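Protein chains in written order, with my numbering: chain A, 1 to 235; chain B, 1 to 312; chain C, 1 to 655.
Keep in mind the hints are simulated off the structure, nothing from the lab. Remember, it's a predicted structure, so these values are computed and weren't measured experimentally. Do not rely on the hints blindly, as some may be mistaken.
Facing chain A, according to a computed beta carbon distance under 7 Å, are these residues of chain B, among others [claimed, not checked]:
no.	residue
1	Ala190
2	Gln193
3	Thr197
4	Ala200
5	Met201
6	Gly202
7	Ile203
8	Asn204
Taking CB as the label site, the calculated pair distances span [as the list claims (entries may be wrong)]:
no.	chain 1	residue 1	chain 2	residue 2	range
9	C	Phe15	B	Trp237	35 to 43 Å
10	C	Gly459	A	Gly84	30 to 38 Å
11	C	Ser516	B	Arg207	50 to 58 Å
12	B	Trp237	C	Gly405	44 to 52 Å
13	B	Ala88	C	Phe15	48 to 56 Å
14	B	Arg207	A	Ser23	31 to 39 Å
15	C	Gly585	A	Asp220	34 to 42 Å
16	A	Asp220	C	Ser516	56 to 64 Å
17	A	Thr119	C	Arg369	51 to 59 Å
18	B	Glu147	C	Asp317	43 to 51 Å
19	B	Gly68	A	Ala111	44 to 52 Å
From the three backbone atoms N, C-alpha and C, an ideal C-beta is built for every residue, glycine too.
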Amino acid sequence: MLELADVHTYYGNIRALRGLSLSVQPGEIVTLIGANGAGKTTTLRTILGTVRPRRGTVSFNGHRLDTLATDRIVRLGIAQSPEGRRIFPRMTVLENLELGAFARPDRDGIARDLERVFTLFPRLRERVAQKGGTLSGGEQQMLAIGRALMARPNLLLLDEPSMGLSPILVETIFRIVQDINRQGTTILLVEQNARMALRVAHRGYVIQTGRIVLHDAAADLLRSDLVRKRYLGEK
Amino acid sequence: MTWWEVLVQQTINGLTRGAVFALIALGYTMVYGIIELINFAHGDVFMLGLFISLAWFTLLGVTTPLTGWQLVTLLPLVFLLTMLTTAALNVAIDRVAYRPLRRSTRLAPLITAIGVSFMLENAALLWMGPAPIAYPDVFPSVEILREWFGLDSAIFVTTKDVLVVCATVPLMLALHYFVTRTRWGKAMRATAQDRETAQAMGINVERTILVTFFVGGALAGAAGLIQGMYYNIGQWWMGYQAGLRAFTAAVLGGIGSMGGAALGGLVIGLLSAWSDQYISARWTNAIVFSILILVLVFRPHGLLGERAADKA
Amino acid sequence: MGRAALVVGLLLYPFVDRAVGLQTVHAVSDGMIYVLLALGLNIVVGYAGLLDLGYAAFFAIGAYTMGLLNSPVLGSPLYGHPWSFWLCIWVAAAVSALLGLAIDAPTLRVRGDYLAIITLGFGEIIPVAIRNLGDITVEIGGWRPIERLNLTGGENGVNPVGRPYLPGVPFETDPVPWYFLILVIGAASLWAMNRLRDSRLGRAWMAIREDETAADCTGVNPVSTKLLAFALGASFSGFAGSIYAAKLQAITPGAFEFQVSIMLLCMVVLGGAGSLKGVVLGGMLITVFDRIVLSQSTFLVRWVGRTAGVQALASSDLTLWRWFFFGLGLVLVMLLRPQGLAGSRVSPVAAGADETDDPIVSEPSPSPRVEAVPGWLRERMAPGVAAPEAAPLLDVRGVTKRFGGVVALNEVDLVVPPGAIIGLIGPNGAGKTTFFNVVTGLTRPDGGRITFEGASLVGLRPNAIVARGIARTFQSIRLFPYMTVLENVLVGEHCRLAATVVGAVLRPPSVRAEESRARERGRALLAFVGLGGKEDDIARNLPYGDQRRLEIARALATEPRLLLLDEPTAGMNPRETEILTDLIGLLRRELSLSVLLIEHDMQVVMRISDRITVLDYGTRIAEATPAEIQRHPRVIEAYLGTGYEQELAARSSPR
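Work out the full structure, taking the sequences as your base and the hints as a guide.
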């Protein structure tokens, strides 16, 4: 479904990705774990086209993404819940959700998906007319995921959904991520919280300094030495 | 004239003046909202709007007051043509002078904006010459109170005042509808708040900025046309003064806020008219700016501006 | 070599010009006056990052001070008492500086482009006032207490203005003495500014420019720092204005309009804001283009037209196109070199500054060592060990903060004993960061007491609280991104240094010693946190983990007794987290530094905290030891969740 092959991405002269390759199959939750600065967010930005790879290819269902404009990529069915949530602060919850569906023409489908988001996140229905900037951190995270779902994506990119959330909320969010996946959305999950991510994912990739150093079924990664030492903090 | 007639008269003058400022201020505030640029060239787009509308009238052979069906067909046509021309001009300015600097420091496009402003003024100077240009009296001027209502009042209200209201109010309502209800309007607001995320929603950010410049330019063109028909005079340097006042209006209202720009325009118009009357025209600039400073000192984000919370 | 050649060239230039008959000395001298002005503006715009669109106002004030003192206009009360030029330039500088303070003091609350528009407003008001003050009549009901008073010469300006007197040097129409006078003053200004930039004050300006809130929380007083920038900037234009008035022999209000402010701004940005070389270059380039190239090229174009027989060219007048070419030049230079002619290339701002390629994972930095604790820090902190009585260091009682209708903090109590590590946890939006902001003075509490070492902190500005001994870090790292690593730490030392403007310029031995000691301390501190060898890197280019550590080093440089850390391990991998946890423990053991810690990583909090306070919806729901907190039913319900216990078990089992 999604395929990155030997991708090199730069910021100025700084190499952020050095020959990264990964793939996502339909229906999967794939997680990308790694330290801060390893290139996780850059990978997502490269997929969405907000930065361009200098070498390598990104393809999605047979389309080459690395030359397409971001808005075109979104129209192909990729949506993102960005790191730090990035809610539009001066727009209402409803407007935020509507913007998620910006690239879609079908009004009926949008109304149905709005209902689905409200079912997943009842809190958002309560706050529908509130400005995004006044929501709490957890509610903003729900809104960010809900907004991405409004695009009815084939592939959902989640960037650090657990960041800055209390342990109890982290659990809730990950449960919902699994629900979304069961309803048929493929998910690429970037996480700092490797334990949680590997628990919900089918497969996982470990990224270090812009390269994939390990990939395997999530359950196996949980048992691997490298992951246990570096990303789970075990001795 | 009694004291209250003077007050009413100056208030009417102030409101018409303010309506023009408001139209220009909207262009400043929209561009600032979306790319955080003080578009110094915007006042000159307004000035060129005046001359361009004059050129369209000349091209259509209109030099005397329009009447009857000509009024209802030619005038809207010239509005449309002028607004399209200045909109295109504004878009071109953005493409050439600002767009290449999107990822640069904030001062760089400010300087190119100043550069473009100088170029536009100089172009107008060479095109129209240094002397004031007489703008033909294309709109029929009728004193409403005396000739229509038979009132013997010293207050002077003409059909031109009505024209200003009838042109600006629908334009502003249309803009409000555009920004809050339409796809492109929503895209504009989203882009202003968070450009990269807007992009990730499938919004074509560059096209949205283009639309913003287009709309801002169109409004400036309309303002130029109204100014020309109302005052019947135009000069190459007038964009600078009007732009300064309009920008002040945008800041006074709270830059980035459309309602603020409209309100700020009216306030500045009223203040300058009252100051001309009650203090002295030569102090008006100083007074307008003093009030601006006072407002900002006590309300640092302007009258309707939203407070950007400084989170630690 | 290059410098010597430059000096010789500058000294010989007027004589060469005369020998060749170019007659450009006048224009060049005028250009140098504008350069002097641009240098003053550079302090405000380039260093302190305050966009000033009305700088010509100070130019006017300087010129009119000179004009009115040295050649009072007829009818003014000052008439008939011309002062010496050499005295007047100092008076003009002082008056400009004072007015700079007075005018800009009300703008301190205002930020960014709002400040720009206020300065623009003053830039408009001053010429209007000068025009109108030439003819003042006040009429109150037929009584005229003031009639046709002329203070400024009005539209006609002041004419003539007295010349400087120096034995044997004719300051007449010959521009050469003027050239040398301006050259001397300009060189002295450059010298002084160069020294200012590399001083405690220059760093404070840049810190304000980069991040005002962070600077405030690092001990830099934004009010006095900004005012100093305004006053110094204005005093330079006072100098320039007075020389301008004396050289021109006459001044009119038209010479100080908005366009002049804009031209000066262009000089600063064109050259590369912040770079002295760039400002000089930009200033000279604009003047030379404006005064020399345009007029000369008209002759050239006409000559080409005549020889080629093109009538349109032969009769052209390029000076009519003056502003067009000027504008075109600005656009082209900016498009080709957005960073300015002499500006250093700063890599384009990609939002992904957090993603760099440094191998922070593959090269685990060593844990901090006891021996590496800088000796000076140990010394400075030593008195704190002698606090055996149990009096709390920080004592917060009943602090309440509301935002609109929302109660962010509701009667919160919190005590930090000396040398303790206190954890502060709670769900998002519980008010933890608000609590930090209240303690550090960023937010004023609506009620309650906050005392530190027995003295109340309520109402103090953040920088004053830093001076008392509380330092903090931020949840999202807030370094001074375009300053070097060492400079970041030196800003931290700001409030412990004493150099004044005069000291920074003249550099007496005491200031030299202070500065080199500060640098030494900064290096030692960087080595301690593991950033040795990276002193000259630009802060924003550091990898994420290093940025976190730099922020802590900067906080330590303020010599705190209490350190507030806001999610210090956020975004770190377990290895880095462990190193940081060790560092915090070490600081407490060796320096008896107290720490208040917001953290979501329960392993860290539980491991190093002596006691933990839990906030939920702004209310303290628990305060106990880590072990008690883990079993506290309300904490589990509101924050930890039931899954937490299983996770604890899962983590500890493989050990």
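| Interface hint status, Ile203 (chain B) versus chain A (Cβ within 7 Å) | The hint holds - Ile203 (chain B) has a Cβ within 7 Å of chain A, the shortest such distance being about 6 Å.
| query | Does Gly202 (chain B) pass the interface hint, meaning its C-beta sits closer than 7 Å to a C-beta of chain A? | reply | holds (3 Å)
| field | Supplied distance hint 31 to 39 Å, evaluated on CB atoms of Arg207 (chain B) and Ser23 (chain A) | value | holds (32 Å)
| field | 30 to 38 Å as the expected CB spacing between Gly84 (chain A) and Gly459 (chain C), which holds or is violated | value | holds (33 Å)
| task | Evaluate the given range 48 to 56 Å for the C-beta pair formed by Ala88 (chain B) and Phe15 (chain C). | result | holds (55 Å)
| said: Is 43 to 51 Å respected by the C-beta to C-beta distance linking Glu147 (chain B) and Asp317 (chain C)? | reply: For Asp317 (chain C) against Glu147 (chain B), whose Cβ atoms are near 50 Å apart, the range 43 to 51 Å holds.
| request: For Trp237 (chain B) and Gly405 (chain C), compare the CB-CB distance with the range 44 to 52 Å and indicate the outcome. | output: The hinted range 44 to 52 Å holds for Trp237 (chain B) and Gly405 (chain C), with Cβ atoms some 51 Å apart.
| said: Please check whether Phe15 (chain C) and Trp237 (chain B) have a Cβ separation lying inside 35 to 43 Å. | reply: The hint (35 to 43 Å, Cβ to Cβ) holds, given that Phe15 (chain C) and Trp237 (chain B) are roughly 41 Å apart.
| query | Once the shortest beta carbon distance from Ala200 (chain B) to chain A is found, is it less than 7 Å? | reply | Since the shortest Cβ distance to chain A is 5 Å, the answer is holds.
| query | Could one say that the CB atoms of Thr119 (chain A) and Arg369 (chain C) fall in the range 51 to 59 Å? | reply | Because 55 Å falls inside the window, the suggested range holds.
| task | Please verify that hint: Thr197 (chain B), Cβ, nearest Cβ of chain A, below 7 Å or not. | result | With a closest approach of 4 Å, the Thr197 (chain B) hint holds.
| field | Satisfaction of the Ala190 (chain B) interface hint, Cβ to chain A closer than 7 Å | value | holds (5 Å)
When each numbered hint is compared with the structure, no violation occurs for any of them.
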